[in-house]
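A.B. asks: First to last, the sequence lines map onto chains A and B. Be aware that the first sequence starts at 1, since it is given in our numbering, and climbs by one per residue. Be aware that the second sequence starts at 1, since it is given in our numbering, and climbs by one per residue.
Careful: at least some of the hints might be erroneous.
Pairs of lysine to aspartate or glutamate, EDC-like flavour, derived with a Cα cap of 20 Å [said to hold, decoys possible]:
1) B:Lys45 - B:Glu292
2) B:Lys241 - A:Asp148
3) B:Lys196 - A:Asp148
4) B:Lys178 - A:Glu90
5) A:Lys425 - B:Asp351
6) B:Lys121 - A:Asp148
7) A:Lys492 - A:Glu186
8) B:Lys118 - B:Asp107
9) B:Lys196 - A:Asp206
10) A:Lys345 - B:Asp224
11) A:Lys278 - A:Asp128
12) B:Lys427 - A:Glu35
13) A:Lys425 - B:Glu414
14) B:Lys275 - B:Asp107
15) A:Lys363 - A:Asp454
16) B:Lys83 - B:Glu40
17) A:Lys423 - B:Glu417
18) B:Lys178 - A:Glu80
19) B:Lys91 - B:Asp189
20) A:Lys423 - B:Glu40
21) B:Lys121 - A:Glu147
22) B:Lys222 - A:Glu35
23) B:Lys427 - B:Asp288
24) B:Lys196 - A:Glu474
25) A:Lys425 - B:Glu417
26) B:Lys222 - A:Asp206
27) B:Lys427 - A:Asp37
28) B:Lys195 - A:Asp148
29) B:Lys178 - A:Glu276
30) B:Lys169 - B:Glu381
31) B:Lys195 - A:Glu186
32) A:Lys300 - B:Asp224
33) A:Lys117 - A:Asp127
34) B:Lys195 - A:Glu145
35) A:Lys423 - B:Asp351
36) B:Lys169 - A:Asp496
37) A:Lys425 - B:Asp413
38) A:Lys492 - A:Glu511
39) B:Lys102 - B:Glu59
40) A:Lys423 - B:Asp413
Honestly, the hints are just simulated from the structure, not real lab data.
Each chain, written out:
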Amino acid sequence: MNKLLKAVTGKLLKGATTGLVFALLFCPNSANALETDFHGRMQSTYVLRDTDGFQYGFMDNLEGVQWRNELKFELTLRPEYEEQHFVRVEKIYLAYRGAYDAIFDLRQSAYENIREKSPDDFELGKDDLETENDLREAFIDIAAETEDQSFNLRLGRQIVQWGEADGFNVINIINPQDNSTMMFFENVDDLATPLWMARLNYSKADLGFIENLGLELVAIPDIRPHLFAPTDSPCDAPYAFWFKDLRAWTIPHPMFEISTDEFSRLTQVLYGHPVEFKEDVPSSGLDNLEYGARIEGGFKGFDMALYYFHGFQDDPAMDFSRALTEGRYYFRHPEQDMYGVSFNKYLASVNGVIRGEGCMISKVGLVDLTGCNGTQLDTSSLNGGNNPLAIYDGTGATGYSLQRVYYSLIGFDYDRWIPWLNKGKNMSFSFQAYWRHIHKWGYDQQYRPLDKQDNYRLTGYFYTDYWHGRIHPELFVMYDPENTWMTMASAKYTRDGRWYCKISVLGFWGESPGGGGSEGATSFGNAVLGLPNEPDNPYTGDSISPFTTPSNLAHITEVSFRIGYNW
Amino acid sequence: MKFKLSAIIGLTALLAVAFSFQNATAYDPDWKEHQKELFEKVGLKPGEHIDENNWEKCEALLPSQMVEWVKKGWMDITVGEYKFDPSPDKKWAEDSKKNAGKYKLDDTKNLVDAVTGKPPKYTYGELFPNVDIKNDPDGPTKVMYNRSVALNRMGNYRQGSTIEWVGNKGFERVIEFKLYKYYFWSRPDGEQPNKKGLRYTDIIAVVRPFDLAGTAQLTIRKLDGTKDDLYVYVPAIRRVKRMSGANRSDPFMGSDFTSDDSNSWAGLTNSMTWKYVGTQTALFCLVDWALETTNDMVPHSDGSWSDPPNLKQGGQVGYEVEGWKRKPWAPATNARFVPRTFNVIEATPVDPFYNYGKVYFWQDQDTHFTNYKIYFDKAGEYWKSSIYYAFFFTWGDPYKKKMQGSNVHVFYDEKTEHATILHSNGKFFGRPIITEYQVPMVNQKLFTVNRLRTLTK
Numbered sequence: 001m002n003k004l005l006k007a008v009t010g011k012l013l014k015g016a017t018t019g020l021v022f023a024l025l026f027c028p029n030s031a032n033a034l035e036t037d038f039h040g041r042m043q044s045t046y047v048l049r050d051t052d053g054f055q056y057g058f059m060d061n062l063e064g065v066q067w068r069n070e071l072k073f074e075l076t077l078r079p080e081y082e083e084q085h086f087v088r089v090e091k092i093y094l095a096y097r098g099a100y101d102a103i104f105d106l107r108q109s110a111y112e113n114i115r116e117k118s119p120d121d122f123e124l125g126k127d128d129l130e131t132e133n134d135l136r137e138a139f140i141d142i143a144a145e146t147e148d149q150s151f152n153l154r155l156g157r158q159i160v161q162w163g164e165a166d167g168f169n170v171i172n173i174i175n176p177q178d179n180s181t182m183m184f185f186e187n188v189d190d191l192a193t194p195l196w197m198a199r200l201n202y203s204k205a206d207l208g209f210i211e212n213l214g215l216e217l218v219a220i221p222d223i224r225p226h227l228f229a230p231t232d233s234p235c236d237a238p239y240a241f242w243f244k245d246l247r248a249w250t251i252p253h254p255m256f257e258i259s260t261d262e263f264s265r266l267t268q269v270l271y272g273h274p275v276e277f278k279e280d281v282p283s284s285g286l287d288n289l290e291y292g293a294r295i296e297g298g299f300k301g302f303d304m305a306l307y308y309f310h311g312f313q314d315d316p317a318m319d320f321s322r323a324l325t326e327g328r329y330y331f332r333h334p335e336q337d338m339y340g341v342s343f344n345k346y347l348a349s350v351n352g353v354i355r356g357e358g359c360m361i362s363k364v365g366l367v368d369l370t371g372c373n374g375t376q377l378d379t380s381s382l383n384g385g386n387n388p389l390a391i392y393d394g395t396g397a398t399g400y401s402l403q404r405v406y407y408s409l410i411g412f413d414y415d416r417w418i419p420w421l422n423k424g425k426n427m428s429f430s431f432q433a434y435w436r437h438i439h440k441w442g443y444d445q446q447y448r449p450l451d452k453q454d455n456y457r458l459t460g461y462f463y464t465d466y467w468h469g470r471i472h473p474e475l476f477v478m479y480d481p482e483n484t485w486m487t488m489a490s491a492k493y494t495r496d497g498r499w500y501c502k503i504s505v506l507g508f509w510g511e512s513p514g515g516g517g518s519e520g521a522t523s524f525g526n527a528v529l530g531l532p533n534e535p536d537n538p539y540t541g542d543s544i545s546p547f548t549t550p551s552n553l554a555h556i557t558e559v560s561f562r563i564g565y566n567w
Numbered sequence: 001m002k003f004k005l006s007a008i009i010g011l012t013a014l015l016a017v018a019f020s021f022q023n024a025t026a027y028d029p030d031w032k033e034h035q036k037e038l039f040e041k042v043g044l045k046p047g048e049h050i051d052e053n054n055w056e057k058c059e060a061l062l063p064s065q066m067v068e069w070v071k072k073g074w075m076d077i078t079v080g081e082y083k084f085d086p087s088p089d090k091k092w093a094e095d096s097k098k099n100a101g102k103y104k105l106d107d108t109k110n111l112v113d114a115v116t117g118k119p120p121k122y123t124y125g126e127l128f129p130n131v132d133i134k135n136d137p138d139g140p141t142k143v144m145y146n147r148s149v150a151l152n153r154m155g156n157y158r159q160g161s162t163i164e165w166v167g168n169k170g171f172e173r174v175i176e177f178k179l180y181k182y183y184f185w186s187r188p189d190g191e192q193p194n195k196k197g198l199r200y201t202d203i204i205a206v207v208r209p210f211d212l213a214g215t216a217q218l219t220i221r222k223l224d225g226t227k228d229d230l231y232v233y234v235p236a237i238r239r240v241k242r243m244s245g246a247n248r249s250d251p252f253m254g255s256d257f258t259s260d261d262s263n264s265w266a267g268l269t270n271s272m273t274w275k276y277v278g279t280q281t282a283l284f285c286l287v288d289w290a291l292e293t294t295n296d297m298v299p300h301s302d303g304s305w306s307d308p309p310n311l312k313q314g315g316q317v318g319y320e321v322e323g324w325k326r327k328p329w330a331p332a333t334n335a336r337f338v339p340r341t342f343n344v345i346e347a348t349p350v351d352p353f354y355n356y357g358k359v360y361f362w363q364d365q366d367t368h369f370t371n372y373k374i375y376f377d378k379a380g381e382y383w384k385s386s387i388y389y390a391f392f393f394t395w396g397d398p399y400k401k402k403m404q405g406s407n408v409h410v411f412y413d414e415k416t417e418h419a420t421i422l423h424s425n426g427k428f429f430g431r432p433i434i435t436e437y438q439v440p441m442v443n444q445k446l447f448t449v450n451r452l453r454t455l456t457k
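Given the sequences, and given the hints that come with them, work out the whole structure.
C.D. replies: This is the structure we're talking about:
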């Protein structure tokens, strides 16, 4: 029923949008000319992964994880009018992306265990990774103007990005991300999942002392979560390491423990399938409409914006409560409200721009096992008699709790001419400091193992051009005070602006959780049972960062080679 | 500065007095006689050709750096003559006279009303019609203000443009963009509301190639003479980013061109200290058809004006001409050089972070059109030169407004031996590059940060 409703709503929306497009195109105020822009790119990217990272041996454990061949193009149609009408179609925009990843044919044996087909919406299969054929964006802009006001209504599938942050999503929570095949080497634009929505932009020249008053309203009936690589039983997809580690994870319990892999053997017996990760996404449609607003203005060069967004969490909140009864962990997407603010100001005295943003999200689902009740099972036949197993039986909490979370970020961008680095052009520098604070939260190794109350990160981003813009090097560095670094360096070369090639190296650095570089099993139980920390027990140390929990990225280094053609 | 000093001093001595009190708004009924005198003075005839074999003929008639180009055979010169008076239209000249005594410069060298001491929200006509460039210490600055209004009288417009990378071996790559501009001063349709106190706003929106398409830069130039507000919409992150307004001397997208180089000078007038160097007769570079006719804009029912359907070829550079033997960036077969009277003005940046050292502007005394710029680095070494191919266009009823513009910019960096070419009118690889004035969609409401977000994608 849910599916049917979603399909009907989706079709109605698409139909209405298409109808409106045609109605406006052929309305009496029809345009007398149509300016068209058509351009795109073809590119091929090969990614090599050093599976224990450069810090544990340079390029010594290499495997190809991607050979993605992509075609992307955009078509923009702009009607030209003899007269300026109060309401007019400003443009129609279509963006298509198709891709084929040859790595699954090249390394069939490595990826043969990935499930072939997508079992459900938002749960991907190998076919989703191997090929893409997607009309990513399709929207129409309808503009209206009065003496000192302008309106722009954008209807259709589109991307909206909010805030001032680079490399973080603080306020920017409208479009979910597609992390299934491309995590590291892509533009934000390419990682975002476009959504069907209506977006209204309103501008007014001035209002009292406020300059450039702007208002943006969004209404989104299209509910989608972040997409991940197939969360199947082997989790062998190249970018499934987050879930691969999760599958090796042990469900904590005051008395007993069981790893997900062990549990899978149990569910295989009980339900005929290994433990499953199931997406539980609210249905699309007007009943679950996401909506938000941004209002912005300036005063003497100080620009500020206020944000509000009501929607569903894109990241999964993991619910273990039906593990025993169904053999499934559910990814819930709780409803939440975001209240945010951002600003920027050009500081002439230092020739730089200071910018920042902050927000409070009312309910963020975080792993919280407090109150979970267990059931002890005699499963000695399954695990060699080592342990009795405990499974959450759903009589207590779900395994996550909804917390109020504060995010903030401040950045500073400036350019400097450093002749010994680049005689012909300025170097551009960008620095950011990020802080996340979970309200009334106490980190607990056993019950709240993945998040500390405060998380800080610092970033630096540097770029310039050499050789008349033919060579464009970039360096991005992120440091987490939990002793983890992420670095990405790249250099792009183009001679004619059409053909280009690019090499990028991404690495995570620092001490792996538990002190090792390997993908060790994880366990919380030792602490509970009063046992000493073991080297392969990653979650008994202090290092809790997005790079180390629940997945251990510190053993990942990737090198990407790209060649492409723009037109 | 390696001017041929003897030549400059000699010519300057003769001409300085005559032209130091310049009526830069000159509408010249005796233009033919004046042109004839200039030809006699330089000893050249229309149709004459100068190259590496007789380069001495232009020795005192171009910046010395460009004389070297002729001497080395990098470029050649075909002399032409005007068939009409190249001065601005008569009404502009008359309106300019009304501004005598109306304006002055404040302590920051920003233009203000002489009575109120505040920047004018609207002006029409040259701001200092009787400026004494030689004896008034602020004379060169005032001339630059005159220039800024004389060459920017289009009100609002939309224009296609290219930036081409050209090495000594030929064409390398191109970026195509659209320029949207809204001037508050010197508008043909009179004063418009200007609550924010702006001089102009513009948007540069990249059209292709794909990896840059959608990038749009909004510049807000204020009347108070402070640095610009600058915002860039970056399609890769789908966001508008606030940028430093002081980076106008940075290479634009890695080219040899900077934002301040647009139309010879698009910087803040009070960001430079201007100094009069001299007045001399020299050869003015323009496209061949501009000697005989103007580009007559065509009116449309919405009140806009656009290039005529039979679009004329813009100034060509070497790589556009098959079989061209000289430098691929050099003015080529349809370039003509006509003797004119120039003011040479030296600009020294006030901002210590500005990328250039001194820059020398070679400016037509009548039209203020800067034909050549010679750039030095901060260490005082010669760096690069630019040539602004000129043409004229007319529009408007009942009288025709006439203004000089540039349809091709040429920048050659002698240190890196690399050039950048901008085409902003004419044809590029057969594709028309159109300019449209007073287009309704280019109105004040277009130039807001909020609007920038939906302008491209």
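A.B. asks: Please go over all the hints and tell whether each is borne out by the structure.
C.D. replies: Comparing the hints with the structure gives:
Taking the CA atoms of Lys45 of chain B and Glu292 of chain B, the gap is about 16 Å. The hint holds against a cut of 20 Å. A C-alpha spacing of about 24 Å is found between Lys241 of chain B and Asp148 of chain A, which places the hinted pair above 20 Å, so the restraint is violated. For the hint pairing Lys196 of chain B with Asp148 of chain A, the CA-to-CA distance comes to about 12 Å; that is within 20 Å, so the pair holds. Straight-line distance between C-alpha atoms of Lys178 of chain B and Glu90 of chain A comes to about 16 Å, which keeps the hinted pair within the 20 Å bound.
A distance of roughly 16 Å separates the Cα atoms of Lys425 of chain A and Asp351 of chain B; the hinted pair therefore holds under the 20 Å criterion. Proximity of Lys121 of chain B to Asp148 of chain A is assessed by CA-CA distance (about 18 Å); at most 20 Å being required, the pair is judged to hold. At most 20 Å may separate the alpha-carbon atoms for a hinted pair to count; Lys492 of chain A and Glu186 of chain A meet this at roughly 13 Å. For the hint pairing Lys118 of chain B with Asp107 of chain B, the CA-to-CA distance comes to about 12 Å; that is within 20 Å, so the pair holds.
Between the alpha carbons of Lys196 of chain B and Asp206 of chain A the distance comes to roughly 8 Å, so the proposed pair stays at or under 20 Å and holds. Note on Lys345 of chain A and Asp224 of chain B: the hinted pairing holds, with a Cα-Cα distance of about 18 Å set against a maximum of 20 Å. This hinted pair checks out: Lys278 of chain A and Asp128 of chain A have alpha carbons roughly 17 Å apart, not beyond 20 Å. At most 20 Å may separate the alpha-carbon atoms for a hinted pair to count; Lys427 of chain B and Glu35 of chain A meet this at roughly 18 Å.
For the given pair, Lys425 of chain A sits about 16 Å from Glu414 of chain B by alpha-carbon distance, which is consistent with the 20 Å threshold. A hinted pair counts as satisfied when its Cα atoms are at most 20 Å apart, and Lys275 of chain B with Asp107 of chain B qualifies at roughly 17 Å. Annotation: proposed proximity of Lys363 of chain A to Asp454 of chain A holds, straight-line Cα distance about 16 Å (limit 20 Å). Restraint check for Lys83 of chain B and Glu40 of chain B: the C-alpha separation of about 17 Å stays at or below 20 Å, so the hint holds.
A threshold of 20 Å between alpha carbons decides the hint, and for Lys423 of chain A with Glu417 of chain B the separation of about 14 Å falls inside it, so the pair holds. In summary, the hint linking Lys178 of chain B to Glu80 of chain A is supported, as the alpha carbons are separated by about 15 Å, within the 20 Å threshold. Restraint check for Lys91 of chain B and Asp189 of chain B: the C-alpha separation of about 14 Å stays at or below 20 Å, so the hint holds. This hinted pair does not check out: Lys423 of chain A and Glu40 of chain B have alpha carbons roughly 45 Å apart, beyond 20 Å.
Between Lys121 of chain B and Glu147 of chain A, the direct Cα distance comes to roughly 19 Å. Compliance with the 20 Å bound is thereby established for this hinted pair. A distance of roughly 32 Å separates the Cα atoms of Lys222 of chain B and Glu35 of chain A; the hinted pair therefore is violated under the 20 Å criterion. Annotation: proposed proximity of Lys427 of chain B to Asp288 of chain B holds, straight-line Cα distance about 15 Å (limit 20 Å). For a cut-off of 20 Å, the pair hint linking Lys196 of chain B to Glu474 of chain A is broken: about 38 Å separates their Cα positions.
Between Lys425 of chain A and Glu417 of chain B the alpha-carbon distance is near 16 Å, which keeps this suggested pair within the 20 Å criterion. At most 20 Å may separate the alpha-carbon atoms for a hinted pair to count; Lys222 of chain B and Asp206 of chain A meet this at roughly 15 Å. Simply put, Lys427 of chain B and Asp37 of chain A have alpha-carbon atoms about 18 Å apart, close enough for the 20 Å limit, and the pair holds. Of the pairs offered as hints, the one joining Lys195 of chain B and Asp148 of chain A holds, with about 11 Å between alpha carbons and a cut-off of 20 Å not exceeded.
The suggested pairing of Lys178 of chain B with Glu276 of chain A is violated, with an alpha-carbon distance near 53 Å, which exceeds 20 Å. Restraint check: the Cα-Cα separation between Lys169 of chain B and Glu381 of chain B comes to about 25 Å, which exceeds 20 Å; the hinted pair is violated. Annotation: proposed proximity of Lys195 of chain B to Glu186 of chain A is violated, straight-line Cα distance about 42 Å (limit 20 Å). Between the alpha carbons of Lys300 of chain A and Asp224 of chain B the distance comes to roughly 12 Å, so the proposed pair stays at or under 20 Å and holds.
For the hint linking Lys117 of chain A to Asp127 of chain A, the alpha-carbon distance of about 6 Å falls within 20 Å, and the restraint holds. The suggested pairing of Lys195 of chain B with Glu145 of chain A holds, with an alpha-carbon distance near 18 Å, which does not exceed 20 Å. With a C-alpha separation of about 18 Å, the suggested pairing of Lys423 of chain A with Asp351 of chain B holds against the 20 Å cut-off. Only pairs whose Cα atoms come within 20 Å are accepted, and Lys169 of chain B paired with Asp496 of chain A is accepted, the gap being roughly 13 Å.
In summary, the hint linking Lys425 of chain A to Asp413 of chain B is supported, as the alpha carbons are separated by about 13 Å, within the 20 Å threshold. A hinted pair counts as satisfied when its Cα atoms are at most 20 Å apart, and Lys492 of chain A with Glu511 of chain A does not qualify at roughly 31 Å. The straight-line distance between the Cα atoms of Lys102 of chain B and Glu59 of chain B is roughly 41 Å, outside the 20 Å bound, and the hint therefore fails. Only pairs whose Cα atoms come within 20 Å are accepted, and Lys423 of chain A paired with Asp413 of chain B is accepted, the gap being roughly 13 Å.
Comparing the model with each earlier hint shows violations of hints 2, 20, 22, 24, 29, 30, 31, 38 and 39; every other hint is respected.
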